[in-house]
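All chains should be built: construct the whole structure from the sequences, respecting the hints.
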Amino acid sequence: MRGSVAIVTGGGTGIGAAVVRRLAARGVACVINYAHSRADAEALAAEVGEGAIAAQADIVDDAACRALVAAATERFGRVDFLVNNAGRTKHVAHEKLDGLEAEDFIDIYRLNTVAAFQMIRAAAPALSASPHGAVVNVASVAGLHGIGSSVAYAASKGALITMTQSLARVLAPGIRVNAVAPGYVGTGWFEKTLGAEGKAALDARIAAATPMAMAPQAEDIAAPIEMLLDPATRAITGETWRVDAGTHLDVGLSRRPGRGME
Numbered sequence: 001m002r003g004s005v006a007i008v009t010g011g012g013t014g015i016g017a018a019v020v021r022r023l024a025a026r027g028v029a030c031v032i033n034y035a036h037s038r039a040d041a042e043a044l045a046a047e048v049g050e051g052a053i054a055a056q057a058d059i060v061d062d063a064a065c066r067a068l069v070a071a072a073t074e075r076f077g078r079v080d081f082l083v084n085n086a087g088r089t090k091h092v093a094h095e096k097l098d099g100l101e102a103e104d105f106i107d108i109y110r111l112n113t114v115a116a117f118q119m120i121r122a123a124a125p126a127l128s129a130s131p132h133g134a135v136v137n138v139a140s141v142a143g144l145h146g147i148g149s150s151v152a153y154a155a156s157k158g159a160l161i162t163m164t165q166s167l168a169r170v171l172a173p174g175i176r177v178n179a180v181a182p183g184y185v186g187t188g189w190f191e192k193t194l195g196a197e198g199k200a201a202l203d204a205r206i207a208a209a210t211p212m213a214m215a216p217q218a219e220d221i222a223a224p225i226e227m228l229l230d231p232a233t234r235a236i237t238g239e240t241w242r243v244d245a246g247t248h249l250d251v252g253l254s255r256r257p258g259r260g261m262e
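To convert, note that position 179 of the sequence shown is 179 in my numbering; the numbers rise steadily by one, no gaps.
Hints may be right or wrong, so weigh each one.
What the hints assert, rightly or not - So the derived label-pair ranges between C-beta atoms look like this:
hint	residue 1	residue 2	range
1	D58	D98	26 to 32 Å
2	E239	E103	28 to 34 Å
3	A67	A204	42 to 48 Å
4	R78	G198	42 to 48 Å
5	R78	T193	36 to 42 Å
6	L97	A196	32 to 38 Å
7	D98	M212	35 to 41 Å
Everything labelled a hint here was simulated from the structure, so no lab data went into it. For glycine and all other residues, C-beta sits at the position ideal for the given N, C-alpha and C.
Pasting the structure below:
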């Protein structure tokens with residue numbers, strides 16, 4: 001993978017930042033996209049060094065997607081990998097049907113699904129020119145089981161998973177398109193929201209409820225993303241890998257639609 005170039009959307013924090021660090025360790029130059037987290041993205045680029053740049057783009061705008069890809073090719077001359085990690089949600093219990101408006105669905109779908117499509121479309125010519133072009137979309141178990149932070153979020157991630165299959169079909173053989181579907185991920189968002197002790201307590205509760213007795217962290221999701229980008233997995237496309245410490249093995253999961261966190 002050394003010498004390759006990756007664009008990671010939402011790359012300044014959480015899963016995106018963990019992906020950047022793993023790819024940079026393997027000699028992959030990274031374009032760290034951010035919409036608002038400028039300080040985090042620039043700090044990460046400085047940490048990684050010469051092989052990374054921070055690039056602002058609100059990828060719900062198609063023109064911004066095309067400009068982001070152009071900036072990557074101008075700086076590094078190529079794009080080999082795309083990680084569609086940027087996303088949003090609104091926390092509403094599934095049974096509270098009046099807690100969501102049409103605008104909530106549209107806003108969430110626009111970033112979680114449409115923006116991912118726009119990024120793939122914008123990057124497709126450069127990815128096709130690579131000998132190992134690959135895309136990984138960051139979906140969620142919410143999109144597989146109809147659970148998670150809200151019905152709107154689950155619907156958007158379900159659409160992303162279906163789109164992964166569609167684009168894997170039409171972009172083959174030049175570009176592989178896969179997805180990962182995390183369950184709970186103990187990112188810094190939980191620490192900011194709950195405090196260090198609150199996050200530790202939440203991690204402990206999650207770990208106690210998973211077959212693998214662990215609460216996955218951002219690095220645990222970044223590892224399979226790296227694997228799916230690696231040319232060693234060249235025979236894998238159109239797949240969605242669940243990364244949830246075995247939580248889906250809970251036979252009662254489908255009876256508790258509001259359970260789980262994206």
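Measuring from beta carbon to beta carbon, are E239 and E103 in 28 to 34 Å? 33 Å, holds
Falls inside 42 to 48 Å, the C-beta gap from A67 to A204? 44 Å, holds
If you check the beta carbons of L97 and A196, does the distance land in 32 to 38 Å? 35 Å, holds
Is it true that R78 and G198 lie within 42 to 48 Å of each other by Cβ? 43 Å, holds
Between R78 and T193, does the C-beta distance stay in 36 to 42 Å? 39 Å, holds
Between D58 and D98, is the Cβ distance one that fits in 26 to 32 Å? Hint holds: Cβ distance 30 Å, inside 26 to 32 Å.
How does the Cβ-Cβ distance of D98 and M212 compare with 35 to 41 Å: does it lie in that range? 37 Å, holds
Every hint, counting from the list given before, is met by this structure.
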